[in-house]
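Two chains, two frames, a set of hints: combine them into the complex.
The listed protein sequences derive, respectively, from chains R and C.
Okay, so the first sequence: first residue is 1 according to the numbering used here, each after it adds one.
Okay, so the second sequence: first residue is 1 according to the numbering used here, each after it adds one.
Simulated from the structure, these hints should not be mistaken for lab results.
Watch out, some of these pointers could steer you wrong.
[To be verified] Derived coverage of chain C by chain R (criterion: at least 3 residues anywhere in the stretch with Cβ under 8 angstroms from a Cβ of chain R; other residues may be distant):
#	stretch
1	138-150
2	185-198
3	217-224
[As the list claims (entries may be wrong)] Here are some of the chain R residues that sit facing chain C, going by a computed Cβ distance under 7 angstroms:
#	residue
4	A22
5	Y370
6	G376
7	M418
8	L472
[What the hints assert, rightly or not] Computed list of lysine-lysine pairs in BS3-like fashion (alpha-carbon distance at most 25 angstroms, straight line):
#	chain 1	residue 1	chain 2	residue 2
9	R	K419	C	K187
10	C	K187	R	K403
11	C	K164	C	K123
Ideal placement from N, C-alpha and C gives every residue a C-beta, glycine not left out.
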Amino acid sequence: MGLSTDGQALDPRTAPEFQTAARSVLNDAQLRKNVRHATTVIQNKRAKVVGELPDWQELREAGGALREHTMKFLDAYLEQFEANCTRAGGVVHWARDAAEAREIVVRLAKESIGDAPSEVIKIKSMTTEEIGLNAALQEAGITPYETDLAELIIQLGKDQPSHIVVPALHKNRAQIREIFQREMHLPHLGETPQDLADAARSFLREKFLRVPTAVSGANFLVAETGGVCIVESEGNGRMCLTLPRTLITIAGIDKVVPRFADLEVLLQVLPRSATGERMNPYNSIWTGVHPGDGPEQFHVVLMDNGRTDVLADEHGRETLHCIRCGACQNACPVYRQTGGHAYGSVYAGPIGAILTPQLQKMEHAESLPYASSLCGACYEVCPVKINIPEVLVHLRSRVVERKTAGLRVLTNAEALAMKTAGSLFRSERRFRAAQRLARMGQGVLARKDGSGEKWISWLPGLLGGWTQVRDLHALPDETFRQWWEEREKSKKHAGGAA
Amino acid sequence: MRVSIFITCYNDTLFPQTGRAMVHVLERLGHHVEFPAGQTCCGQMHYNTGYQTDALTMLPRFVEQFRGAEAVVVPSTSCVTMMRDHYPSMAQRLEASGKYPGIVAEVNALLPVVFEFSEFLTKRLGLTDVGAYFPHRVTYHASCHGLRGLGLGDGPESLLRAVKGIDLVTLPDIERCCGFGGTFAVKNAEVSSAMLAEKVQGVLSTGAEVCAACDNSCLMHIEGALHRQRTGVHTMHLAEILASEPEPNIAAEVRSGDVVAGDSEAVVWV
Ligand code: SF4
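Chain C with its partners taken away, still in its complex shape (with noise of 0.2 angstroms):
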């Protein structure tokens, strides 16, 4: 299948290893990769903290990078539920600016394709097995976004349980916020720091070496207190375990995802 990746602005900027690991784990699976140059954000950060107006600008961008994509894959549950969320109204109120005619058709036809990078496999290829293999102790947090917002109950962890050489613990109360929330972590730091506080707790009480997600929202969030705790906890998303494979002769750090040399395709995630 030809794959056109949304990588999201916050992701190609601090998380470029994760991208990599998904381009790894989509061509792994024999699928034909594509990134449209000229993608920036989908508006989340705007829209959510209210200055919709400026929000609605990006709409148009994000449409004429992935106009007639097979599929759309993101990294992201935050990104995929505010497209899903708000575009359709966005569009509408772009169409009746009279300067976008026919916006409205385009995202009806564009959303059904866009997937969150979990949901593309199990939901789309209808996959749980990619081949992986991560044998460290893992817990996931679901994120609310992927929980709630895109409801994909238990799909990331199915694909986690078949990852060969896991330890996958649940963490426990995880469907409760971790206290990220975009600009509410500036904005009241100091109740976002407590909310935090509980989940690392959570997080230190199941005794993994990796806390996984499929956003890295709020793993930064949650990894910005493991690191400050010394705690030795990592964080990675969840295509980078996915795109870990039996290489045990080769020692590369948590989070490094090196390009191996000699080969510019081989990314050895141990």
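Bound conformation, chain R alone (with noise of 0.2 angstroms):
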């Protein structure tokens, strides 16, 4: 059974630019289709049920506080963690980047299944994503069976995740029907939701009673108790967390919560704006090992990755408080035309474009910041008030900090643009000659139309994007200041007359 993602794994060490791999995105309309009704889809479901809340906005004020006071303790709150999840009978383990995280879940993973065949199962978790998880259990000869119904599809199909709660939002009911089909040698599956829920269902059964080894994410860790918390919609989560004999829990460090409490919160606003469920249907909490009821062994990973850099940044930090609920990808605009693969990260979207290119030191994609029109609507939706346009244009300044540095501006021709500008606003001459001037040097390029107003079609260099779906009305003859000075002298002079 081919089950490896040999897909080209989203890596934003690799990938291209946004606005590169978007355009060739443009060009798939079955794609795109597809993701503008699944977005519009969740976006209603979602405005519906938070409608329903009267406090709405006082819990998504309580979210970010929430966030905002455990990130500023997060130490404290992660060692309190570590000694209550000890205390009750798991193992934690700390990873300081991905490759030591990857490292750690392959040899507990080996360990756990000692001579029976090499398998994991899985449950949907973006933080494996993020450090490649299938790719290293693979290599290390373990393959890992993927029990989500959209990670299944990804898996399956050799795709990537598009989405953080709906990786496979991008595909379209007939498409996955054809990729069981294929992968699960079902030549007559039908094509009903049922059917392929079917499919799948009888697929991954035989797994879950199987496979003893489960590696899962967390959505929280509960300080306060040592516990672990996932939520999910399908059953197939409780199914890993309570059939295998050894359960592995992978978790950023920023996932950790310092009461249990506090749950009240997070579990109103995380279904709300995730899948616009008022509740998850499966809601687990675990707290270490319990002889005679599920996992007889149970480890944590904690993984920095990035984070405690994001933690440093006193702009950027509010990132940190995502609790991935992805409402910020349905909403957003730019997502809407692109889907998630244009990004070039697991972390699509708004807050891809915000987290990615922090959790890479701001190395790689740096284009992400600019993938965003700064229209507000992710800002508006995020159920823990993280003011992404803000981080955006905080993060746009950190790239041109580094585009400019020394004389590397004068190599650079946006920053030149930009520099040069500048200087004329700072000075009402200046700012005046060169609207002048640009009157003059429109002249090539405006053309009159049907009615006899001037326009230009074609621009030149980096305005060239301008042009190519829109036409830019000429420059008028007056500006707005000539009127006015010209006004206010008429006046003089009928003053005097008078």
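Printed below as a string of structure tokens:
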């Protein structure tokens, strides 16, 4: 069975710039239709259940405050989690980066598997996607089985996730059926949602019952109790958490919450924002191990992988408040056009545009902070009130800082243009001169249309993008300030004559 | 009231007719209009593209030009959003540099009297009917900065509804971005165009003759596609519609805003 994910992995270090990747996606009419449809459906569901709560804004406020507080004392809460998890019989591991995390998980999986067939079952986890865990497991001779329906579709289709909550959102039902027919060897598979769910169920059931090692991510880690929380809709998670002998959970250090009671807020805002449900069908919280009940061995790998660097940036750190609900992706008009893959990262959309470059220490994915029109729709829906546009603009300034360090400004057309414009705006005289020059300079570009108005339909260089699909009204003969001055003059004359 | 106009750099250069219309409406309402001559730009383009140090240098000029103003009125939702969202922290950085003592206090005093044009009419003056006449089918593009940045809500449309003769049609997906986004339109031209295509479809579906907004930057982008596609649909800043008066005998082109011979103040917007 071809279960390998040998489709090109989403790696921000090697991914093309957003604008380049987007260009090719924009030609995929089917994908764009799927994304538009899916995001619209989820958005509408979200709007409905959010609208039911009279205290939604207060909940967002509380969610944001809670996350801010946690990040402020992150070190203390992580240690508290470690102590409580260990006391309950879990084993806590610390991973500095992706390589360390992969190495730990692979080692633990091997220990658990022993002489049994080399397999693990997996619950959907963006953290494992972030570090490319499946490829690492396969390299070590271990076959990972994704058990979340969407992740299964991605895995069988040798595809990559395009959304943090609904990873196969770019595929429609017919395409999914085709993947199942091919990969599950079911040539006569029907096409109703029921048919597809049944096929996935029987494909997975056997694995739940057979494979004794599971790998999961986490939605929250509760410092106060050492408990781990996962919410899901399909029940595959619950199977993975209860049936296997060994459970290995990997979580970013940002997933911790101080108290059990904090889930009161987060478990209200998360499902409503993520899938438009009032509550997730399955809410699992487990604490350590319990003889005769659930896994006998439980490991938690706490991974940094760039998160402390994010925390160190005063203006960027609110990015870590994210609870991965995906609402910003559904609301984003840019994501709506391109879907997730163009972002070249498992974290796509607005959250990806701020998280990915920061996790890469601003050394890669520099085009992502610019993959936004700053329309603010993401901020409006974010259940923990992350001011994404604000962070985007801050990250742009970090990109510019790198780009214009020292004399590099001289070799960068955009930087040069911005510096020149800056100097014009600092002087009224220079600004006026530039207005005059622009009017003269447009002479060769402006042409009259049918109604005698002047328009420009071709622009050179950096501005060429504008005239690909738009015309530009030629500059009027008189600026506002010239009109005003003339008017004042003639008023004075009139006044003097009277 | 003494009203100072901050025209903004791009309206000054590209859309003088919006400024003229704004002056016309304000004077018709009996206000005294001023135009501080040394004004240039609010710094938005630099700030949002990542050149924040350059944007910083534009703030002292703004303060100097508008110090002591009773009201500063601006025909651009995005520039006002820029000022409200970023001027306080920019002022703090300038003050911390030691070169601009007192600028934090000055900015704090000035910002509460800065208004976007429609906001000035509805919130500061409490008006909806400003005596305009515009017998055309119009749809209103809310613009992200108007909607989410300034929270203008129903304000601009309430002004339009009060215009005599108007046939106002709601734009579908009114809360969705048109894809302009400043330098985004150039840096991510293809995505911006795809967003624009959806917006233009929405505008055309209303059957409107004119698409209005409180921000000429969105309109320049929308107008660019409407013209390229030869749709015959025009765009107008809200101020230009509000400046229009019942002068059915004088035919003038939409957006021409010519000065009528012999009377330097009578601008006719049909
Ligand atoms: S940034 Fe906010 S809206 Fe986006 S995924 Fe994170 S929590 Fe959800």
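Status of the hints after comparison with the structure:
1. Check result for the stretch 138-150 of chain C against chain R: holds, 4 residues qualifying (beta carbon to beta carbon below 8 angstroms, three or more required).
2. Counting residues of the stretch 185-198 of chain C whose beta carbon lies closer than 8 angstroms to any beta carbon of chain R gives 13, which meets the minimum of three for the stated coverage.
3. Coverage of a stretch by a chain is defined here by at least three residues with a beta carbon nearer than 8 angstroms to that chain's beta carbons; for the stretch 217-224 of chain C and chain R the count is 4, and the condition holds.
4. Satisfaction of the interface hint for A22(R) is found here, the shortest Cβ-Cβ separation to chain C being roughly 5 angstroms, below the 7 angstroms cut-off.
5. A cut of 7 angstroms between beta carbons decides the hint on Y370(R): the least distance to chain C is about 5 angstroms, and the hint holds.
6. Taking 7 angstroms as the C-beta contact cut-off toward chain C, the hint placing G376(R) at the interface holds, the least distance being around 4 angstroms.
7. Hint status for M418(R) relative to chain C: holds, with the closest Cβ pair at about 5 angstroms, below 7 angstroms.
8. A least Cβ separation of about 6 angstroms between L472(R) and chain C falls short of the 7 angstroms threshold, and the interface hint therefore holds.
9. A distance of roughly 17 angstroms separates the Cα atoms of K419(R) and K187(C); the hinted pair therefore holds under the 25 angstroms criterion.
10. Under the criterion of a C-alpha separation no larger than 25 angstroms, the hint pairing K187(C) with K403(R) is consistent with the structure, at around 16 angstroms.
11. Taking the CA atoms of K164(C) and K123(C), the gap is near 21 angstroms; set against the 25 angstroms cutoff, the hint holds.
The structure fails none of the hints (numbered hints given earlier).
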